[in-house]
Amino acid sequence: MSDFAQHLINGVAAGTIYALVALGYTMVYGVLKLINFAHGDVMMVGTFMGYAVAQKLGDEHQSTLWGALLIFLVAMVGCAVLGFLIERFAYRPLRDKPRLTALITAIGISFTLSYGFQLDIPPLPGAAPRAFPEIIIPKEWLIVGDRAVVIWNWQVISLSIAIGLMLMLQGLVYRTRFGRAMRAVSFDHRTAALMGIPVDRIIALTFMLGSALAAGAGILYAIKDTAIQPLMGLYVGLKAFVAAVIGGIGNVPGAVVGGLLLGLVEEFVVGYSSSSWRDAVAFGFLIVVLLVRPGGLFGSVTAEKV
Amino acid sequence: MPAWLRGLVPVLIAIAVLAVLQLVLGEFPFFVYLASIVGVNVILAVSLNIVNGMTGQFSIGHAGFMAVGAYTAGKLSLLLKDVAIAGLPTMVSDQVQFVGTLLAGGVAAALCGFIVGLPSLRLRGDYLAIVTLGFGEIIRVIVQNLDMFGRALGLSGIPQTSSFFAVWFCVFLVVLVARRIVGSTHGRSLWAIREDEVAAEAMGVNTTGYKVRAFVISSFFAGVAGGLFAHFVPIINPGSFTFVKSIEVVVMVVLGGLGSTTGAIVAAIFLTLLPEALRTLFLQLGGLGAGASLAQKVDQIRMPVYGMLLVILMLVRPQGLFGTREVWDVLPRWWPGARKGIT
Amino acid sequence: MSGALLQAAGVGIEFGGLRALHAFDLEIRQGDLKGLIGPNGAGKTTAFNLLTGVYVPTHGEIRVCGERVNGRQPHQINHLGLARTFQNIRLFRALTALDNVRVACLSDETPLFSRSRIDELRRRSAGRSPVAGAMDALNNYVDWWRALLLTPGFQEEEQEITRRAEELLKVMGLSQRRDEEARNLPYGEQRRLEIARALGTRPRVLLLDEPAAGMNTREKADLMVLIRQLRDQFELGILVIEHDMKLVMGICEDITVLDHGVTIASGAPERVRQDPKVIEAYLGDSYLAAHGMQVPPRSPTTETPAT
Amino acid sequence: MRSALAVVLTSCALALVGCEKKGSAPPSSGGASGGTAAAPASGGTPGVTGDTILLGEVGSLTGSEATFGISTRNAIDLAIREVNAAGGVKGKKIDIRVYDNQSKPEEAAQAANRLINQDNVLLILGEVASSNSMAMAEKAQPAKVPMISNASTNPKVTEIGDYIFRVCFIDPFQGFVMAKFAHDNLKVNKVAVLRDLGSAYSQGLADVFERKYTEMGGKIVARETYTKGSTDFRSQLTAIKRGSPDAIYIPGYYNDIGLIARQARELGITATLMGGDGWDSEKLFELGGSAVEGSYFSNHYSPDDPSPRVQKFIAAYKAAYGSVPDSLAALGYDAAMVAVDAIKRAPSFDRAAIRDAIAQTKNYHGVTGSITLDEKRNATKSAVVLQVGKGKTKYVDTIAP
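Protein chains in written order, with the numbering used here: chain F, 1 to 306; chain A, 1 to 343; chain H, 1 to 307; chain V, 1 to 401.
Derived contacts from chain F toward chain V, CB cut-off under 8 Å, selection only: (1) D3; (2) N10; (3) P129; (4) R147; (5) Q229; (6) M232; (7) E266; (8) E267; (9) G271.
Just so you know, these hints were derived from the structure itself, not from any lab.
Note that CB positions come from ideal geometry on N, CA and C, so glycine has one too.
So here's chain F without its partners, still in its complex pose (with noise of 0.2 Å):
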């Protein structure tokens, strides 16, 4: 029984990332129409900006409530700008061309950064994983008998944060009047550029926040698996866009959804099944969802009007 509440924990505190990492995902699919493939690889580039902030900051400021906000300032708004610029000039001038295009400078501007920080040519990190450092001092939250289940409290944070983030990307969504810009233009840019709406504007702000989302979420993910490399974009930005699509791609309530259900089946595979085939049910897991609800759990499929 108590394996069990680990595995819950332990499933929500992954899904928790991927869940964070997955909003961004959906947010520019929202309104692009495009899979960034390079979200992953803002994510790295994000923790890597904490990183580098957490060591000047030093061992005695960085813990501290000030410095660990410091870095996540710093890591989002360099994300924004990092954000803002692939969206500029990657993305932007192919707007009007075929989407595959679009996805596949995502693809180049991915390998770019990804490879790119791998080189050991100063002040790009080099290929080697770093720790990085606990900027949210490790506590037990709670803790069930002879530490048979244990909560940290850094999980709680990390929870709190994606529901956070989740309720304000909902409102911002809804019941602002850039949410309802953002959705004039995820429903059609042309139109909404007719109507008045700044569509290059919006489009860069929803980008921007989406890099700035995937740096939070890549420095939760930092606190949580404590190693950062150049190329762990890849295989969480892979994941997190599994979890994007089961929650039904473009919808926030179904990327958060859908992260925690992945994390969770990936973990209870493993606790109770075998771990070698963790990847496989997951994408099984993706498929299924697929051929039940064609558009995801949440999304849903506009019938093509004839």
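Please build the complex by placing chains A, H and V on the supplied structure of chain F, with the hints as guidance.
Here is chains A, H and V on its own, set in the frame of chain F:
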């Protein structure tokens, strides 16, 4: 020329030309290796183009089909390694077995293509894409878990029976098939599906059937490519068939121009040789300056440079090198100009 | 019963509780030229989609050439002899005019097993015959092989298809547009190309969804003549959805009027035109009041095309 | 538009022409360099031009195994610089050409092919991953080019042919070492095994360990796997925890071990952790922190080894690259040195002669111990078991084959 011969003439010409090339090139093993890897990528790109370019379905799991073919053919070859067909010289017997394993690999992959093609009846666009991707990953995990496929180490010691001739004859076949499909009712039906599925269906095109068949043909050739690959590397392991490989093939197709067979060929050749060309370039640069040590450092830079080049190429030519045209379509007779994306 | 090429009896469909079409009856025989009218959202296009298999009816029965087609795929229904055009033109935009028609000109050759034999098997087992399926699949694969090997038979067939497509273009007056991409054609020609394409499938019944939408008066007049001519030349039964009353009244011998999914009138144009229910539904009370009229005008041109 | 097309086409052509030119005009010496199966022609000295000897190396400089390739390359570079500083070999300087294989066998085969047929190297060094080494060996063996793998531990690698060597011990031995250590020294009875599904090295060690340990009477209470690239091992560890093992054997690489150790402690697992030479890296302390302290792993050498050879290497490596060399670096260094030693001893620069000289390597004192190549071209040497301490490792035991 009698009509019945018209279909066979290109095959005869190709056999003759390739046989001569084979004799000449035997002296340059590195060139042959490079040509083989280029050939495999051309087969992958041209076959994927049948699904992604012509039919407008978006598959990014081609490496999975390639893996199925590679493992099937590789495993069969290993099993048959010490067996020779009675009454034939060893060389001939080896080649017969090689062709047999290639076919088996292709058929196994085609079977998988059929299975993956089925969900395409229900799914569209990005959703189909992720399912094909998932399929590729599942294949990899299965291989990693099975002892008979050598798990992480993969299969090794596969006889190196592949040759320049074998690879490029398969290239020729896949191109021939792609071209002849385009020029037939079937090709037009595939284009129609890409353009408008509902209308195609209303005009009597069995869209589901065609989509599945496109998948089957495409994955058959991916399997053959995998089989060839297994016979000249000659090590295969799961690391060679990750989704990054699938992506590379998609990049070739898009770069060449969706739907353009010759575009896919040129893009595949270009993208395969690019890293090697960069290597040569950097070696030359290194030779000028700080000696070979710079070249060593610089070999690492190839991958990021490759990524940058992708971005730049797409920005310069978003419709791909040839759009949907073929090289010889000087006049914009068939679908030139910008395309609408996948839907 | 016999002789009806297309027959709908009590057909209805609901979308999540919304009754889009209810108890729809229709019968089309060879040589018929019928009209289907009604205000926006009356269910005309829904009726078309039901007849052609895009939607599966929740009630009633549809027969094409005597065969029940409920739940069949659109392409199967098309093979039985039912072809259509679309309200919002759905050409294969990037294909040339010729290729648009050639797509529809599927081969009539039967490489291994004759199609009629397969259909016969299907009919006997109510559409579920594995043998027929296997024969069909084999046919298809043999067909692919013929294309790949460029067999003489295949080459002849391709020539025949091209010849037929060119002929249809000529009938529709599009010969000079042969190699033009569909999306570059003017609106009226796109409409005509759609008809040519539909004819490529060798239909026995042709369903035209607002063929005159967006055309000017002259083009409309030409179209009226053309539709009649097509009916006679290809021995078709035709069903037209149209907003333009003049066109409908001018060419149709029998009209069905839909409103909110319900058939409110049907019969000869004269009778339908004077049916008060039709006048009310189609033009609205206010319209009548505003114009102080008892009878609908001859050509209500204020009608906006449906989206 | 047209110009972009032209650029693409010409660069394609360039790449091809570049290859052809090189292939058709090999250096004056190697007329037979093109032939796959041909031994160097009489009097031909491939890889030797004027006053330089050209060696080749293939490594994973990018991709998932980049860190291993890079430290190997660094160490080989270091070795060659030292040799050249000391006057080179037989009056000639050594030059090395390193190609990246992106951690993929087909790229490894391609790079090896290029080294053999285009660059005409004397011999080839590398790789770490066994599947990459095997892909290279498949090209080197038919061309009769000697190849020394520094760290491929799968037995199959050298079975490919008589030109393929290695300077490390093989999986069966290393697995046996830890099984013996767990049973005899730690005296634990219940062990869990956590292996990397995507690594042949990890699979090989884990297989042997499980077999040997069970033969010795121990019990394997849990078998779990992880995949290279993942960073969350909590699910596997929670499953392992259920079996309450005394020790966990994790034959993986240090970049995963640090995380696994931390997460194990986080979940309240107190079992001793054990591993193989893949653990050896300064990074382990950084990534694992206090969580890895007290764990044991088998290795090729101990940095504590007071012998000047070892200390000199460590100091030189540190000076050059700013970090303590990991075991892959040490093996890379030894591989290069064994090659140089063989070139010195060989009567000529003939590849066959070099091969024979390598095969006769006996009691060569390298950083990773005394290297003797047996008739299967594998190094037979003893392994050491190290304990992880605070920021350094402590020598515990030596286990002989």
